[in-house]
Amino acid sequence: MAKIDKNKQKEIDAKAAALQAELLKEDNALLDMERQHKKDQAAMDERINDLEERHFKLRTLYEEFGGLAYSPSYPDGEGVQEFRRLLEEYAGVTDHEFLYRRQILGDEEADLIETYQKEHRKQEDKIESLYAQKNALYREEEEES
Numbered sequence: 001m002a003k004i005d006k007n008k009q010k011e012i013d014a015k016a017a018a019l020q021a022e023l024l025k026e027d028n029a030l031l032d033m034e035r036q037h038k039k040d041q042a043a044m045d046e047r048i049n050d051l052e053e054r055h056f057k058l059r060t061l062y063e064e065f066g067g068l069a070y071s072p073s074y075p076d077g078e079g080v081q082e083f084r085r086l087l088e089e090y091a092g093v094t095d096h097e098f099l100y101r102r103q104i105l106g107d108e109e110a111d112l113i114e115t116y117q118k119e120h121r122k123q124e125d126k127i128e129s130l131y132a133q134k135n136a137l138y139r140e141e142e143e144e145s
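Just so we're aligned: the sequence shown equals residues 1 to 145 in the working numbering.
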């Protein structure tokens with residue numbers, strides 16, 4: 001076995017240190033990305049929950065008004081019929097708006113997840129490449145010693 005030249009060893013050590021620093025930086029970037037995704041996902045979940053809670057409250061209110069309007073003690077007449085018609089129309093519009101907004105949030109959530117997965121994979125590939133470079137450097141060092 002030949003002994004490695006001191007200059008060559010310093011060069012290899014410098015490359016290894018640079019690769020290690022780059023790996024640390026990229027690992028930290030990956031962790032930051034994961035933390036940010038969790039925050040973004042939590043914010044998205046909160047928006048969805050808020051929308052669903054408002055929808056639930058509106059449905060409950062609709063059912064309460066509907067129960068009053070159809071109560072036998074409630075007066076009958078044209079005004080009541082108009083109120084019932086408006087109540088039904090409002091309920092339909094509310095349900096349609098809820099579904100529309102829920103779809104928008106669902107699309108945003110899907111985009112958030114897809115973007116995160118792409119960026120996460122890209123970051124993992126970068127880290128894998130750095131580990132491969134580091135392993136190649138160590139193999140080169142072993143071959144020379």
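Each hint should be verified, as a subset may be incorrect.
What follows is a set of in silico ranges between Cβ atoms, one per label pair, in the way DEER data are often shown [what the hints assert, rightly or not]:
#1 D50 <-> L87: 22 to 28 Å
#2 E63 <-> E128: 22 to 28 Å
#3 A16 <-> D125: 26 to 32 Å
#4 R121 <-> L87: 30 to 36 Å
#5 E109 <-> L24: 53 to 59 Å
#6 A132 <-> Q36: 22 to 28 Å
#7 E34 <-> Q103: 56 to 62 Å
#8 L24 <-> I104: 37 to 43 Å
#9 D125 <-> R102: 58 to 64 Å
#10 L23 <-> Y100: 57 to 63 Å
#11 E114 <-> L51: 30 to 36 Å
#12 A132 <-> E34: 50 to 56 Å
Calculated from the structure, these hints are not laboratory results.
Yeah, the Cβ is synthetic: ideal placement off N, Cα and C, and Gly gets one too.
Hints, one by one, checked against the model:
1. D50 <-> L87: 22 to 28 Å: holds, 24 Å
2. E63 <-> E128: 22 to 28 Å: violated, 56 Å
3. A16 <-> D125: 26 to 32 Å: Taking Cβ atoms as reference, A16 and D125 lie about 21 Å apart, which means the hint is violated.
4. R121 <-> L87: 30 to 36 Å: violated, 51 Å
5. E109 <-> L24: 53 to 59 Å: violated, 32 Å
6. A132 <-> Q36: 22 to 28 Å: Holds, since A132 and Q36 (Cβ atoms, about 27 Å apart) stay within the stated range.
7. E34 <-> Q103: 56 to 62 Å: Violated - the Cβ-Cβ distance for E34 and Q103, about 27 Å, lies outside 56 to 62 Å.
8. L24 <-> I104: 37 to 43 Å: holds, 40 Å
9. D125 <-> R102: 58 to 64 Å: Once the Cβ atoms are compared, 35 Å apart, the range 58 to 64 Å for R102 and D125 is violated.
10. L23 <-> Y100: 57 to 63 Å: violated, 46 Å
11. E114 <-> L51: 30 to 36 Å: Violated, since E114 and L51 (Cβ atoms, about 21 Å apart) do not stay within the stated range.
12. A132 <-> E34: 50 to 56 Å: violated, 22 Å
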